[in-house]
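Residue numbers (the numbering used here), protein chains in the order written: chain A, 1 to 552; chain B, 1001 to 1313; chain C, 2001 to 2277.
Check the hints yourself; a few may be wrong.
Derived list of chain C stretches under chain B, where covered just means 3 residues or more per stretch with a C-beta under 8 Å from a C-beta of chain B [what the hints assert, rightly or not]:
no., region
1, 2059-2069
2, 2205-2214
3, 2217-2228
4, 2234-2240
Here are a few chain A residues that sit away from chain B, every Cβ distance over 12 Å (derived from the structure) [as the list claims (entries may be wrong)]:
no., residue
5, ASP30
6, ASN110
7, HIS126
8, SER131
9, MET171
10, SER174
11, PRO281
12, ASP312
13, THR400
14, GLN422
Quick caveat, the hints were computed from the structure, so don't treat them as lab data. Given the structure is predicted, the values throughout are model-derived calculations rather than measurements. C-beta: ideal position from N, C-alpha, C; glycine also.
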Amino acid sequence: MTMKSDPSQPVIAAEHLTVTVGPGGNKLVDDASFSIRPGSMLALVGESGSGKTMAARAVLGLLPTPLIAAPGSSIRFRHTELVGIAPPALRKIRGAHIGMVFQEPMVSLNPSMTIGRQMAEGLKLHHRRLSRGEIRERCLTMLKRVSIPNPVHCLDAYPHEFSGGMRQRIMLASVMLLKPDLLIADEPTTALDTLVQRDVLDLMVELTQENGTAVLLISHDLGMVSHYARDVAVMLKGRIVEQGRSYEVLSSPQHDYTQRLVDALPRRSAGGLRSARTIKPLVELCDVVIDYAGRPRLFGRTEAKRAVDGVDLTIGEGETLALVGGSGSGKTTLGRATVGLITPTSGSIAFRGGQIMTWRGRAARLQREEMQIIFQDPYSSLDPRQRIGDIVGEPLRLDTTMDGKARDARVREVLDEVGLSQDFLRRLPHQLSGGQRQRVAIARAIARRPAFVVADEPVSALDMTVQKQILKLIRDLQDRYGFACLFVSHDLGAVEQVADRVAVMQNGKIVEVGSRDDIFDRPQHDYTKRLLNAAMLLDRTFEGAAVATAQL
Amino acid sequence: MGRFLLGRLLQAVPTLIIVSAAIFFAMRLIPGDPASVMLGDLATPEQVEALRREMGLSGSLPSQYLTWLGHIFSGDFGKSISSGEHVLPLMLDRFAVSATIVVTAVVFAALIAVPAGMFAAWKQGSFADYGTVALSTLLLSIPSFWLGLMILLVFGMWLEWFPVIGYVSLGENFRQGVLFIFMPVLTLIMVELGPIVRMARASTIEVSRLEYITHARAKGLSESEVMWRHAFRNAFAPTWTLIGLILGGLLGGIAITETVFTIPGLGRLLVEAIYARDYPVVQGCILFISVIYVIVNLIVDMLYPLFDPKIAQ
Amino acid sequence: MTRLLPRLARGRANLVIGGSLVLLLALLAIFGPMLAPYDPLKLNLRAVLKAPSASHLFGADEFGRDVLSRLIYGARTTGWIALATVAIAVTLGLLFGIVAGFLRGWTDRILMILNDSLLAFPGLLLALFIMAISGASREALILALSVAYMPAVVRVARASVLSVREREYIEASRVMGNSELVTMVRHVLPNCMAPITVLATTMFGWVILSESALSFLGLGVPPPAPSWGNMLASGRPFITQAPYLLILPGLCISLTLLGINMLGDALRDWLDPKMQA
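Generate coordinates for the entire structure from the input sequences, incorporating the hints supplied.
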């Protein structure tokens, strides 16, 4: 802690940083240079596989085994060269001068060690003269600072007793306890619920500004970056393609790829609201209640959980109704119930006036022709052992009026509609990218020309630019075939692009329903306002970036 | 925590009931009247009748089972046909011998194998790692009885370092006792090294890929601190379960090692009783070993929360 | 790259060495009668305990029977018993495990209580017990080993059904309108086979080990039929005079197990990329 910040000198400066798989192998980071001045924030932005995480890990020498920083790379922390530094010297810098916060709060704390011991570990290591009492005192103060309820109990608790957001606060607390000069935050809020994301980020900014800590923020989320970071570097395939003040980069992107990223930011789709026309109800939910039975215990069961609590909702033919809410709001459960995967405890779900049947029985199967579902995770929604042609053709096999030839023709037609070439017919799911898989899942869903499709978070596992394409695809297909869609999502950005109407769900209840523009521009319910407020994606004016600059 | 322990304890009850019932009813599958089968061909009708009464062989099968279970609970496992001794004290005597060998072997095997496996995982991809893996695969492929015979041949017959026949208990004469159990213990250690090394290595590798290990490194801890403080405890849980299974499994198969080294343990008692058709002893030994196996696994499970605090909730 | 190469080499080594050992033994077992120089049961008083020589390559046993011929026929005995046991244990185990995992509820609970009770016996002890009741014979041995090893298959099959049925492609299949049976046969079963294949391979080794252990105790394959285990048992009194009687059958068992274990590792690496180390 002896070297104190000289504001003109960068805390960290990477020059010609190249990360390869073994000596002379593939380049994951290719000739990247960036620097951060004391107390300021740089955001490394890129999609999955862009090398942003590896560039950050290289700073702390935490590259996973086959990866190395290639000769010629340089990372200077103040006056110390970190590439090729001796391990003991590096360990003195890790934690004490450069701290790191990880993406997955569920796996980045040791499950078998109490929070107190994990927090104390860094202090013990880097401040050897502190007594046990002083260490405990500092940990308690810090936990209070990050608003952990009951900090005394927290010291003796294990990580699994806390939610993801709380763990991320604890993580921040234990890193900031050492007042590092640089904080590396690797997608620190990606795994968290939208409402929590903003709180954790605000907390991170406050803590780092209090201590004059510089931040290297890794993110895929341009919307968020525009809000918090003064400087941004955009990465594509290991290279930094553009860097500068974030408001400049975002408002007048120079590089083609940055332009595409900016375009992928949610924009309200043009075009008339289909629900403005008089709509004919297709799916009607009336006072639907869904309970999850408690888990069987030694004596009796644990308490039953009410996931959906008296929902009335109507989805009209050809319209897209978005169902939004935080995790645990019951939106996914409700979505699955509308296609008969879950039987409601009480209430009714009607399709074209007839009751929805659960999956057993022949009559229920007939109803299925008209209903389909697209799942969130394209990695588990396709049978890994089926070829793409078989996956798309499977629903058609139930149609007795179609012979093999007709089926084959339809499969080709549908693949073409979702923008996949005929080469894909013989491939297996694992040979496809996430976006391609989701296209296959969509092809499977629309193969029988259904009247109603439930899309359960269909884009949240995908990269931003891919998200944009998939959302556009869904909307185009809807225009062509006129199926209704229940679009379940926590992501208001995606919702804004596809929805005609929006229903907001909280604790199993619908708190507000309205047309998209009403909900987004004139929210009534408090919860809706909070959700909108938390969705920083919508900040297209880049005011946030200006704020971040002003703070310096 | 208390709830977890109680729950696990109660889970063992139906298992024990079914195990005992299975043994009881399986003995009835032997053709012929159980009493005369138990007494053998030379018994007089009076003896058979007396045993029938003693065994509670009148009434329905379920009531017979309950009578039998009552006897077991009061410690009455019946008498051996060949020696006339009570079965329970006979078994306890022999069990002490088997337990000494098995427990010693498992403790030493774990002490060697767990660090070896973890070290191999730590140095993953190095020659030390490949060497350890290759050696453990090799050891895994050698049957215990053959390894025992080879050890007997080399150390007992050719080098004459250890006595090849007989047994003295450790309590009687420690130095002599050690000489007698050395070869069987060595055999069992070598046999069990393979699976424990592999399990310790695999679970350490799995844990060391998790993010909290990187987090620990990012704090500035040294490699050995990271492994010792963060990886070890989390990687040990599955290995611990395996060690419990091995301990019980060795007891189940102890007859083999005891046969190789002619040691008067419980396994030897069982096998000889099978040869002699001494059914009360067979029945007693099978029941006794199964119950011990269930209890060992129970204790292992109950200690599991020490390594994984999540389980206790 | 430097790290990748040894991994690849190790994967190959497992497959090549393990595969060729197993293939060799399989060929030996299949074509044994054509290869064996003598009748494995034929006594020859002039050759009693004869050390390895040109006429008896691996020597002769206490009855003057040719050891090489007995080893070759022993491979047949062992191979046949292991094949039958694994086939029975896997078929029944798969059936019970999948039924329990797919139907859930009471069927599952009752099957699992019964299965756990079988698992409450150490495997070898259970086999010993069945042999004690039924007396030593090949058929009893196959039955005993099948009962002892089936519970492990039930466990693995049920666990993989439970994990596969949570996948979204199973739900997709239902929404599509497929019946339960179609969903089961088309989507659940094929995706459960990887762990079962690995288990079946490893089990082959366990069965061979248990079979020879029981035969060694005199409770397996009854003499005079040759099995590697009972050859060890009958050679035991001659440990000083004719150590080759003990060394050779044990070596055969070890090489077989080594081959199977290596093949099992190769299979696991290939089927389960997560376990790749």
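Now the hints, each set against the structure:
1. 2059-2069: Violated, because only 0 residues of the region 2059-2069 of chain C bring their Cβ atoms closer than 8 Å to Cβ atoms of chain B.
2. 2205-2214: holds (count 4)
3. 2217-2228: holds (count 3)
4. 2234-2240: holds (count 3)
5. ASP30: 23 Å, holds
6. ASN110: Answer for ASN110 (chain A): violated, closest chain B Cβ roughly 5 Å.
7. HIS126: 6 Å, violated
8. SER131: 20 Å, holds
9. MET171: 8 Å, violated
10. SER174: About 8 Å separates SER174 (chain A) from the closest Cβ of chain B, which leaves it inside 12 Å; violated.
11. PRO281: 46 Å, holds
12. ASP312: 38 Å, holds
13. THR400: 49 Å, holds
14. GLN422: 39 Å, holds
The earlier numbered hints that this structure contradicts are 1, 6, 7, 9 and 10.
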